[in-house]
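**Q** Residue numbers (full-length UniProt numbering), protein chains in the order written: chain A, 1 to 241; chain B, 1 to 223.
One thing to keep in mind: the hints can contain errors.
[Unchecked claim] Computed list of lysine-lysine pairs in DSBU-like fashion (alpha-carbon distance at most 30 Å, straight line):
(1) A/Lys80 with A/Lys121
(2) A/Lys109 with B/Lys19
(3) A/Lys75 with B/Lys54
(4) A/Lys108 with B/Lys51
(5) B/Lys51 with A/Lys10
(6) B/Lys19 with A/Lys75
[What the hints assert, rightly or not] If you want the footprint, here are the derived chain B segments under chain A, 3+ residues with CB under 8 Å:
(7) 111-122
(8) 126-132
(9) 137-146
Simulated from the structure, these hints should not be mistaken for lab results.
All residues carry an ideal CB built from backbone N, CA and C; glycine is no exception.
Letter by letter, the chains look like this.
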Amino acid sequence: MSLIAITEVKKRFGDNEVLKGISIDVAPGEVVAIIGKSGSGKSTLLRCINGLETIDEGSIVVAGAQFLPDEVHLKALRLKVGMIFQQFNLFPHLTAGGNVMLSQMVVKKTPKKDAEAVARKMLDRVGLAHKFDALPDELSGGQQQRVAIARALAMQPIALLCDEITSALDPELVAEVLAVVKELAAEGMTLVMVTHEMRFARDVCSRVVFMHQGRVHEIGAPEEVFANPRTPELRQFLGVQ
Amino acid sequence: MTYQFDFGWLIGSLPVLLKGIRITVQLILIGAVFGVALGIACAWVRTLGPKWLKPVVATYVELIRNTPFLIQLFFIFFGLPSLGIRMSELTAANLAMIVNLGAYSCEIIRAGIQATPRGQFEAGASLAMTPFQTFWHVVLVPALQRIWPALSSQIVMVMLGSAVVSQIAAEDLTFAANFIQSRNFRAFETYIVSTLIYLALAILLRQLLAGLGWMLFPRKASR
Numbered sequence: 001m002s003l004i005a006i007t008e009v010k011k012r013f014g015d016n017e018v019l020k021g022i023s024i025d026v027a028p029g030e031v032v033a034i035i036g037k038s039g040s041g042k043s044t045l046l047r048c049i050n051g052l053e054t055i056d057e058g059s060i061v062v063a064g065a066q067f068l069p070d071e072v073h074l075k076a077l078r079l080k081v082g083m084i085f086q087q088f089n090l091f092p093h094l095t096a097g098g099n100v101m102l103s104q105m106v107v108k109k110t111p112k113k114d115a116e117a118v119a120r121k122m123l124d125r126v127g128l129a130h131k132f133d134a135l136p137d138e139l140s141g142g143q144q145q146r147v148a149i150a151r152a153l154a155m156q157p158i159a160l161l162c163d164e165i166t167s168a169l170d171p172e173l174v175a176e177v178l179a180v181v182k183e184l185a186a187e188g189m190t191l192v193m194v195t196h197e198m199r200f201a202r203d204v205c206s207r208v209v210f211m212h213q214g215r216v217h218e219i220g221a222p223e224e225v226f227a228n229p230r231t232p233e234l235r236q237f238l239g240v241q
Numbered sequence: 001m002t003y004q005f006d007f008g009w010l011i012g013s014l015p016v017l018l019k020g021i022r023i024t025v026q027l028i029l030i031g032a033v034f035g036v037a038l039g040i041a042c043a044w045v046r047t048l049g050p051k052w053l054k055p056v057v058a059t060y061v062e063l064i065r066n067t068p069f070l071i072q073l074f075f076i077f078f079g080l081p082s083l084g085i086r087m088s089e090l091t092a093a094n095l096a097m098i099v100n101l102g103a104y105s106c107e108i109i110r111a112g113i114q115a116t117p118r119g120q121f122e123a124g125a126s127l128a129m130t131p132f133q134t135f136w137h138v139v140l141v142p143a144l145q146r147i148w149p150a151l152s153s154q155i156v157m158v159m160l161g162s163a164v165v166s167q168i169a170a171e172d173l174t175f176a177a178n179f180i181q182s183r184n185f186r187a188f189e190t191y192i193v194s195t196l197i198y199l200a201l202a203i204l205l206r207q208l209l210a211g212l213g214w215m216l217f218p219r220k221a222s223r
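Okay, chain A solo, but in the shape it has when bound (with noise of 0.2 Å):
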């Protein structure tokens, strides 16, 4: 039984057709990793799980929610799912504490007294217990990413999304993320993550995803796509001969 189950999906914008047909299911606990180059489809594919961007054909299903686009269906499906993106995406207003207690209270109408003690924890989960009343704009891009996975995780997701959530951190500071990422694939949650962290793909993941012009071009274990590209486009893309 697989947690995402994505059938046939096709992508348009206007003319330009993005995603041809995309098929991937994704088990419990499994941490998929997604490269391509850019202008594959990946990070578009990641956004629809997420309900993000609207499917024009095909089916998405995580954990028995169908992706439809209405307020109903979509809040369904994103208490599933939570995303973190490339820019962080904190809000600017709140601390690090208030951002992680906020859809908490507004969503799921948790009493902000329970929310903040949920906060303490997911924050002390990513190791920033001690920033909790710190400003966004106080913290470290890497202390930033590390709050927004303690907000997603506040929401208690079946599975994180995470949209190329290093690239846009100096490379001092990716470790520090990577390393939260990979505690919690070991603790067995389900990862689907757009990446350009090849040795972290290869090390952590159980499936890699190669795309190329909007299709899945090579599936399988890291150890044989890694190892044994079979297409003149996976080679390339690695960089080997």
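Dock chain B against chain A, hints included.
**A** Just chain B, lined up with the frame of chain A:
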């Protein structure tokens, strides 16, 4: 220059003057609170609101921004009674100021909302917030922070513009000044005094708005 300045009338006219100040202050406080509230509502409609409401708000905003305040005031006070809608001078003055500030602040606040990075809306959505919840809890405060200086200026302008409500006999500071100088024939001194009071009120109002911004928007703890 043989003009003899005389401020002796000041003491006797103090009660009239104070009443004028009180009414001007009252007008701008009520006008600012409800005008900005109306502006926020209209800015929401114009940026994120339901499609059918957009032309309604757009018409209101353009109508108000392209006609004189005095005419709007006259329309409300002298025009509406023909439709059976009658109100006191003060109510008419208040209403005119709210309607006027609502239109101008709508456009200022709209600019603040439109400058919001798309990622903020997406972050709100991905946390299962509805578009309105995202607007209210995520977008609004940073948007207001962005345009707070412009909005403050607009509020001060409406306060100064409120001088024309004396034309419908609302007993504001200008009405008081006109009244006093018609009794003491000391136009120069009377208008100097009222000018200084307006100046002081405007500076005070700016300080008040700056303080409000200081309370409303987050600041870094250090630096």
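**Q** Determine for every hint whether it applies to the structure shown.
**A** Hint check results:
no. : hint                  : result
1   : A/Lys80 with A/Lys121 : holds, 20 Å
2   : A/Lys109 with B/Lys19 : violated, 48 Å
3   : A/Lys75 with B/Lys54  : holds, 26 Å
4   : A/Lys108 with B/Lys51 : holds, 28 Å
5   : B/Lys51 with A/Lys10  : holds, 28 Å
6   : B/Lys19 with A/Lys75  : violated, 55 Å
7   : 111-122               : holds (count 4)
8   : 126-132               : holds (count 5)
9   : 137-146               : holds (count 5)
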